Amino acid sequence: MRLNRLTIYGFGQFHDRTFDLRPGLTVFLGANEAGKSTLTQFISAILFGFPTKKHPTLRYEPLDGSRFGGEISFTQGGQDYLVTRVDGPRGGKVTLHNVTSDLKLPATSLPHLLAPMDATLFQQVYAINEPRLAAVFATSKQELVDHLRQVGAVGSDFWLAQASQLDEAANARYKPQGRNPELNRWLLAYRELRAKLDRANAAYPKYWELLDQRRQLTQEQATLRQTLQVERQRVTTGEQRLAKWPIYQQWTALATANDPVATGFAPQDAATLERLVNQQQVTQESLTHDQQELTTQRQAAQLTPLFQHYLEMADRLAPTLATIPDTLVAAHTVEQEGSQQADFQNRAESLERQYAHQGQMPRAFSLATLQEVTQLRQELTTANQKRRRLQQNLNDLNEQFRQQQPTRQQQRNPLADKQVGWLAAGLIVLIGSLFLPSAFLKLGGALVGVAVGYYGAFIVSSGTPATQQTDELEAEIRDLQAQLREGTSATTELTNRLDAIGESHGMADVPLEEWATAQGAIAEWERLTRQLEAVTTDLQAAQQTVTDFQKNVGAILPELADHDLQDQVDQLLDLQRQQQRLATRDSDLSALSERVKRDHTILAQATAAVTTFLQTRNVTDSQAFYQQYRTVQERDQRQQRRADLAHQLGEADLAVLQGVADEATLQATFEQDRQQLAATQAQIDKGNERLATLAGQIDQLTSSGTQAALRQKLADLETRMIATTRRWLVDRLASQWIAAALAAASSDRLPQIVTKASEFYGKLTENRYTEIELTETTLRVRRRDGEWRTVSQLSRGTAEQLDFAVKLAFAIVMTQQVQMPVVIDDGLVNFDAQRRHQAYRLLDEISHDTQVILMTADTAITTDVAEQQISQLVD
Amino acid sequence: MKFIHAADLHLDSPFLGLQDLPTSLLTQIRESTFTAATRVFDRALAEQVDFVLLAGDLFDRAEQSVAAQAYLIEQFDRLAQAQIPVILGFGNHDFLADRHMSIAYPDNVTVLGPQVTTVTLKLRDGQTVAISGFSYDQRWVAHDPLATFPEHAATDWHLGMLHGAVATGSGDHYAPFTVAELLAKRYDYWALGHIHQRQFLNENPPILYAGNTQGRDRTETGERGAYLVTSQDHRLVPEFFSTSALVWTNPTLTIATPTPTLAEIGDQLAAWLTQDPATTPELVVPTLALSGPLSAADQAQVTSGDWLALFQRTYLRAMQAAQRVAVALRWESPVATTETPQLDTRYWTTGADQVFTSENLQDLFGKLAQEPALADWFTDPTTAPALREEAAKLLAALAGEEDDHAS
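Protein chains in written order, with the numbering used here: chain Y, 6 to 880; chain C, 121 to 527.
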């Protein structure tokens, strides 16, 4: 490439300037600040692009505000081109024009046109200035080789193009700073997926947490279910108890009627009683049967009912029969005492009739009274002499009257009855005496009987009064009394005195003259009365004996009840005899009778057994027993019922129910239990729900597959990424490989460059140094005397000259591959004058092979370079 | 005595190196680790074994897979119902960092602690067996744990369970041990885990890796499974049984045609894949041995995976019918040795030497090293040679074109 003209629109200090360049050496001469560096920078900027705005000092934007940029006309491959670059994005707006063919070329073809030259290579090799020469200290073979490879010294357009294509392909796959290339996008996607997976992985701790929750909950549920079982049992029990409450009530009711236990009324007792009663009945029946049999047999033996009765009662009669003799004696005593009593009574009554006043017997006089009475009587006897006869009559009449009008005590027996009684008694005695053993006694008894009869019929009947005579008697008495009344008054006083005595002694009714007799009679009466009392007592005792006997007989043998004693006795004796006869006469009957007797005994025993049975149970009869028995039975039934109820209730429930106050409490407890059950059930349901939810969540976590899918996606993406990375790397490596191969090929030129550099270095140092050697890491030079010096051992100027020589050698050797002007910007300031001249001459020499643009402030150049080659930078 | 020795279930781990597969196949693949593990447990139940030993890496802790945990709990429950004890020690992937699992697992499961623990079981036939082992409590166990293993106990049998690798001398992170140490314990059996390829370290007494139950990438080829171990005359005899739901294979198909088109290659590959149906579904990574180089365009198609995707779409049904599905592709072709007029082989070799240095590779890889997924791949020792090989193929193809260009 050869630069023909530089046209500056505005760049650094220049504006609207044009610099023409010669094909060989062009020297721009200018002082400091004339713009030498600006020109160098201009060439780089127009060809390879403006530096970015991050480096404003390198951009050289015009100071005066003129248009930034310019154009360079150059020749490449026989074609003339014009490249224009003005300010714009990405290194400036480029216009490329093929002047030869007058074709406008796309801006992108500029780098291709310039290849393999680029900004870096240009700056490092072709643009030589002092600072860069100073960098020779860092120069190494590798660097040089890099430069060589950069240049593409081998010149294989094809391989360079391939490498370029590979790089493009690689860039399409991945750029370390890019966003759009495939791998960049996937890396991004990968990160996103990774983040998603991380989020999905949150399910993992969640899963464990859920499992833990489920485990705990399951345990809780198990506990709750046990509780539920217990509570359910409790509720069921409660329900049952509630249902049992009425039964319990019945049970309780039965309990309140709990009677004291009466023993001996058990069913076996009833059975015993029944057996005993049955036995009694059977015995009774047997007896009845035997009796009937006996009756039948007796009837056949023409036995009187009385005898039959007697046979039945023989045992009971036995004591009665034993009393017969005593009774007979008693009867006899009764007769005797009766007559004696009647005799005493008659005598007493006759005395009473004589002396009693108003039924009251007068009392006996004391001795003084008796003397007074005797005196008074003597006086009275005199007074009464004259009227004695009258008085005698009147007394007779009064006596008669008194007999017709008996005292109240004598009313009890009418005279006729008395006569019949006395006769009967006499007869009885008479007849009774007939039974007496001896004839003497029989005669005596008969005489007594006759005497009794006589006494009754004749002595008692003599006192019979006549009522018709009474009226006549009274009339006579009234007549006599009238006669007496005149003679009486004299005696009245005596009489009155005597009357007073008589009155005080109950002897008013007794005539005075009989007072002495009366006194004897009174004593006689009192003796009689005492005897009568004794007789009456004996009589009553005897009579009682007889009566008892008769009562006994009557009780046992009612047939004989109304019979008199003698008859009864006779009959009984007769019956005894008859029985004795019967006993001897009829053994069958006797046996039967015996059996009846035995039956009686058995019946008595049975009855006794029943009685004993009943007595031991403190009941009067079997009915009472049965009543009690039923009571006991009922009680037993109640107890049985209660036991049944208790069984029905169950021991435990019963015990519990007993502890319960009332049904409401029970109901309340039950309700409470039921609520508790419901609560527990609800809790379990809730737990189950929660478990189901947990199971659902766990299932969801387990089966969602999100994690696995994401992981597989990631794995797949990784695979893609690796594949892409691999292809990217392969492309890059292939590209590098091509470059390396090319460089290897290029490095063959290195000896040429070294040789050339040695030649140049010799010229520059006036052959002070003759040889340059490149090692792997550095280069060294050999002095003319054969000594080797490393770069670091060289002086600054000499070192810079070494670099200068190498760079020029490179440029010359590479001319075949790349033609690029060497631009030297005051690079020789550290050269001494001699070596600078040598340098100028060298440059002039090589400018035949390559274009050289030298910018310098050193006017000495004019001695070494033709004048036409020199331009003044400053106008 | 009868027990099962399994290890490295790696439940619910994603399959690596797959892309653009149909959903049905993906589902099958995703479930394969579970299917394989289920076969282990099914066998345990069918054989009514006395116990099951799981020597670590049941799942990948880093994956935090709920599905894996749920699955394990479910399967352990199955064994629990059959009253089969499970003794497990966690490995480097499922190391024991918290106690979640032990709590969630049913009672028949014994999780060995971080220290060597000995579990003694009394078997149905009255024999006793001691099992010693431990769980990782972190990703790495750098020390040799053998010292803490007890001597043979006074039981009828003593088994060791160990998740780890034979010591290499440096960089051993996985309970490094030596076979001699294991033998010195005089155990009747060593159930090892960690190495996915099943292998015997010693015949009698058996010291062996059960291998993983399901291959998960193209390198884990062939049948995978576990061992059913039975006692025979005072010896324990392990018998392998396959559990893999899917089998990875990497056969080589020679394409005899000198310059085959991709269509021709596709036809041949399809015919070859489907001619011998497999009994267990196979994930095939065929290597195409080409007689001549592919054109750069074809090569680009193949390299980009576009061609494989197209091939899969075209032949999926046929492949699935034969249970042999090509999931990835490798190819080999003779590298062009043609000398270019301007650039001889010498320069290429020199260039390669400069380019394929680890420094240059790392330099080029640059920031991507920060992407763990890529970094793992990149640091894999096989990657660099593969890259070089591929670049060589690429350049060979380009050289071919240059020849065409030149001629």
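If you are wondering where the hints come from, they were derived from the structure by calculation, not from laboratory data.
On a predicted model such as this, the values are computed, not experimentally measured, just so you know.
One or more hints might be untrue.
To be verified - Subject to a maximum C-alpha distance of 25 Å in a straight line, what follows is the list of computed SDA-like cross-link-like pairs (lysine to any residue):
1) Y/K718 x C/D197
2) Y/K211 x C/E194
3) C/K487 x Y/N176
4) Y/K211 x C/Q258
5) C/K242 x C/A217
Structure-based check of all given hints:
no., hint, in the structure
1, Y/K718 x C/D197, "violated (31 Å)"
2, Y/K211 x C/E194, "holds (18 Å)"
3, C/K487 x Y/N176, "holds (15 Å)"
4, Y/K211 x C/Q258, "holds (22 Å)"
5, C/K242 x C/A217, "violated (30 Å)"
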